[in-house]
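> Protein chains in written order, with the numbering used here: chain A, 1 to 120; chain B, 1 to 571.
Simulated from the structure, these hints should not be mistaken for laboratory data. For each residue, glycine too, the CB sits at the ideal point set by N, CA and C. Misleading hints may appear alongside valid ones.
One side only, chain B facing chain A, incomplete, derived with CB under 7 angstroms [as the list claims (entries may be wrong)]: (1) 523; (2) 530; (3) 538; (4) 548.
Chain A is nowhere near these chain B residues, computed Cβ spacing over 12 angstroms in every case [unchecked claim]: (5) 27; (6) 307; (7) 317.
Here are the computed distance ranges between Cβ atoms for each label pair [what the hints assert, rightly or not]: (8) 55/A x 121/B: 30 to 38 angstroms; (9) 437/B x 55/A: 49 to 57 angstroms; (10) 115/A x 135/B: 56 to 64 angstroms; (11) 108/B x 107/A: 34 to 42 angstroms; (12) 90/B x 55/A: 53 to 61 angstroms; (13) 86/A x 557/B: 39 to 47 angstroms; (14) 88/A x 27/B: 50 to 58 angstroms; (15) 7/A x 121/B: 54 to 62 angstroms; (16) 88/A x 18/B: 49 to 57 angstroms; (17) 563/B x 55/A: 36 to 44 angstroms; (18) 554/B x 101/A: 26 to 34 angstroms; (19) 115/A x 340/B: 49 to 57 angstroms.
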Amino acid sequence: MIEVFLVAITIGFGKMASAPIRLEIGGQGIQVFSRSDTSWFPWHVLDRVEVMRLEGGNLHLVAWCAGANMFPEFDGYGGGARFLPRLGAVAVCPINVLRARRHLIVRALHAYGGNRVGTL
Amino acid sequence: MHAGRFGGVRTQTVPVFDIVRLQDLISEYRGLRRLELHTPQTRGQRLNQVIAEMLRCWDIEATTSIRSLGEIDVGFSVGGVRYVVEAKWERAKADTGHVAKLQKRVRQRFAGTCGVFLSMSGYSREALADVAHGERLEVLLLDASHFEAMLAGLVPPEEMLSLLLDRASFYGEAHTPLATLIVSTVAPHVTFGIPNQLTGPLLRTAPPGVTGEVLFSVPDSNQLGLVCLDPEHLLVTTQHGIMAVDLASRGAGWVVPVSGCHRSPLVDTDGAVVFTRRNGVGRYRSGELTVMAGGFAGDTCLMRHPDGSTWVFSNGEPGGAIGAAVTRLGGRLGDEERIAHDYPAGCAMNGCWVSSGEVVAVGSSGLSVSVPGRALRWLRVSQANPMGLVRLTPTSVLTGGDALSLRCTSLGSGQGVEVAGLNLHGSVNELAVAADGSVYVAAYCQPTDGRMPFVVARIRTALEVDAAAVAPVGITGSVAAPATGGATTADAAQPTIAAPSAAPALSGQWSAAVPPSANGWQVSRHDRGNRQGEYVAFHGRSGIYWAIVGINVLLILVLACHRRPRDLGPG
Numbered sequence: 001m002i003e004v005f006l007v008a009i010t011i012g013f014g015k016m017a018s019a020p021i022r023l024e025i026g027g028q029g030i031q032v033f034s035r036s037d038t039s040w041f042p043w044h045v046l047d048r049v050e051v052m053r054l055e056g057g058n059l060h061l062v063a064w065c066a067g068a069n070m071f072p073e074f075d076g077y078g079g080g081a082r083f084l085p086r087l088g089a090v091a092v093c094p095i096n097v098l099r100a101r102r103h104l105i106v107r108a109l110h111a112y113g114g115n116r117v118g119t120l
Numbered sequence: 001m002h003a004g005r006f007g008g009v010r011t012q013t014v015p016v017f018d019i020v021r022l023q024d025l026i027s028e029y030r031g032l033r034r035l036e037l038h039t040p041q042t043r044g045q046r047l048n049q050v051i052a053e054m055l056r057c058w059d060i061e062a063t064t065s066i067r068s069l070g071e072i073d074v075g076f077s078v079g080g081v082r083y084v085v086e087a088k089w090e091r092a093k094a095d096t097g098h099v100a101k102l103q104k105r106v107r108q109r110f111a112g113t114c115g116v117f118l119s120m121s122g123y124s125r126e127a128l129a130d131v132a133h134g135e136r137l138e139v140l141l142l143d144a145s146h147f148e149a150m151l152a153g154l155v156p157p158e159e160m161l162s163l164l165l166d167r168a169s170f171y172g173e174a175h176t177p178l179a180t181l182i183v184s185t186v187a188p189h190v191t192f193g194i195p196n197q198l199t200g201p202l203l204r205t206a207p208p209g210v211t212g213e214v215l216f217s218v219p220d221s222n223q224l225g226l227v228c229l230d231p232e233h234l235l236v237t238t239q240h241g242i243m244a245v246d247l248a249s250r251g252a253g254w255v256v257p258v259s260g261c262h263r264s265p266l267v268d269t270d271g272a273v274v275f276t277r278r279n280g281v282g283r284y285r286s287g288e289l290t291v292m293a294g295g296f297a298g299d300t301c302l303m304r305h306p307d308g309s310t311w312v313f314s315n316g317e318p319g320g321a322i323g324a325a326v327t328r329l330g331g332r333l334g335d336e337e338r339i340a341h342d343y344p345a346g347c348a349m350n351g352c353w354v355s356s357g358e359v360v361a362v363g364s365s366g367l368s369v370s371v372p373g374r375a376l377r378w379l380r381v382s383q384a385n386p387m388g389l390v391r392l393t394p395t396s397v398l399t400g401g402d403a404l405s406l407r408c409t410s411l412g413s414g415q416g417v418e419v420a421g422l423n424l425h426g427s428v429n430e431l432a433v434a435a436d437g438s439v440y441v442a443a444y445c446q447p448t449d450g451r452m453p454f455v456v457a458r459i460r461t462a463l464e465v466d467a468a469a470v471a472p473v474g475i476t477g478s479v480a481a482p483a484t485g486g487a488t489t490a491d492a493a494q495p496t497i498a499a500p501s502a503a504p505a506l507s508g509q510w511s512a513a514v515p516p517s518a519n520g521w522q523v524s525r526h527d528r529g530n531r532q533g534e535y536v537a538f539h540g541r542s543g544i545y546w547a548i549v550g551i552n553v554l555l556i557l558v559l560a561c562h563r564r565p566r567d568l569g570p571g
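Make a model of the complete structure from these sequences and hints.
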């Protein structure tokens, strides 16, 4: 039985290892290439972007935009964008799974997002 | 800049001081682009004069080749600001040295003088970085798209300079792409259901069998336009941009987030949307804006020829030097082919092709049928101020006139029959038809609180509609309207939702292949949204996961080895 469990989690981690999340912040918007989907947030739909701690204490990139509820509330283990009903926002991407440090992501947000970047 | 009137709608067309000369310059621009009768050197010299002449067409006095502390290609003044221009049209992109030369010349001049660098081939990455990270922004960087937009009248020079100065002053950007410069910062806004302003039934008069329903309304817009892609998907022009509306899912999103568009757009086979703005015509696809044509006199509307080509009907200037014209558009600015039209200048409100040879125009002088460049055949329209016009078959059209009446006219006999009378305000309206005979009408309802609300209604008729008139170039299906709802329904008694977008957008993105969301954006897109070289990528950790996988594999192997002797048993 334990072998079955180990094989299952090995496959799971194998998938996570072979398809890591990729976050791109650019002149046109923010894009997240996750295992479940590729989410695209052009700047003109984003009202505010913040890096903040969510449940479990993990840092997330959180965006406020109209139509946030179009995202699922739970993304399985795909690591993709998900709706946060309490905040009315989208958790775009967890930061702790990225190789880059938090401050580098914040700098990129400031560089491309200008005044959309909120309290960080 | 002043706002003109077009059948009661403020179209905000900018008066061109010398439209004839501007059209000549646009024709000459084609030759310059192709290096016809020019060497690269003479083209560069001629460009300075073209810039100055273009500015004079907009009543801006400009001087070329000012020789003092270093030569200035062009100098002019707009709104109290003095501009000095350095223009380059070379094969290579402008580099740091070119821009630095202009910066030096600006510093040699009186404080407040603004430098404008025009490089028709664009800028090297280093040049853009140097200007962006310099101490003080003293120059504006323009490329070919900015110049073409000014030359075409899509973004007149005064507006262009104002927008560029805003970006440079508030955001510190020396170079702002054209699409970003004129992008709309307002979210699309529609309300499904019957608006409060509409009291009473939609249909005032209608023959038996004709029914009508209000689909949605736009709370405030001084522009309106309408295209039917299929019975469930419409494109609607508002003053803030052109939006796609999905009637099935009750959603709306920008397809052209460009403010100042007017009249009904056209959709190309590749999903690009062609639109009119000011005196020019632009093409928008996936966030890229290109200037197609310009120099149109008076008010303009787009027409699709049965062969799929795009044409513009311009009604000319009343009493001016230019009359009405039909213009076949080419791929780029300068490729257009203008043919004079005999409709009295400034009187026609709309035009459309009814067959490969005949174009119909409608306006205060009546309805004319003509082969471009030849004499007109006039038909009487018993309608006041007809404006809406749509082709039903090669021999019949539907027009929309005052207060608001829809009338079908046979082009052969000239006989007309009223299709419906609507309880809608004024005469400004645009029409569209679907293959099932449904007529879509965009028209203003009673204005309130200084707002100009318009409604889009569907009238179900038994009109004979030629399928070729509905989708002449196979547009149906190539553009999908939003699939999800972000707009509101009036019957739910909820206030309309305007998505927050206080800050200016950097770019509009929309792809025809995948339905965008309520905000005109594809929540899920598999191609890269950011342009090459304009983004930072952050990769996820994978080493830790590989390590866990390795440990797990080892554990499985160890467990398997331990279990095998035990499983074999004592025997």
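> Taking the hints in turn, state whether each one holds.
Cross-check of the supplied hints:
no., hint, in the structure
1, 523, "5 angstroms, holds"
2, 530, "3 angstroms, holds"
3, 538, "4 angstroms, holds"
4, 548, "5 angstroms, holds"
5, 27, "35 angstroms, holds"
6, 307, "35 angstroms, holds"
7, 317, "36 angstroms, holds"
8, 55/A x 121/B: 30 to 38 angstroms, "52 angstroms, violated"
9, 437/B x 55/A: 49 to 57 angstroms, "55 angstroms, holds"
10, 115/A x 135/B: 56 to 64 angstroms, "22 angstroms, violated"
11, 108/B x 107/A: 34 to 42 angstroms, "36 angstroms, holds"
12, 90/B x 55/A: 53 to 61 angstroms, "57 angstroms, holds"
13, 86/A x 557/B: 39 to 47 angstroms, "45 angstroms, holds"
14, 88/A x 27/B: 50 to 58 angstroms, "54 angstroms, holds"
15, 7/A x 121/B: 54 to 62 angstroms, "59 angstroms, holds"
16, 88/A x 18/B: 49 to 57 angstroms, "53 angstroms, holds"
17, 563/B x 55/A: 36 to 44 angstroms, "39 angstroms, holds"
18, 554/B x 101/A: 26 to 34 angstroms, "31 angstroms, holds"
19, 115/A x 340/B: 49 to 57 angstroms, "50 angstroms, holds"
Checked against the numbered hints listed earlier, the structure breaks hints 8 and 10; every other hint is satisfied.
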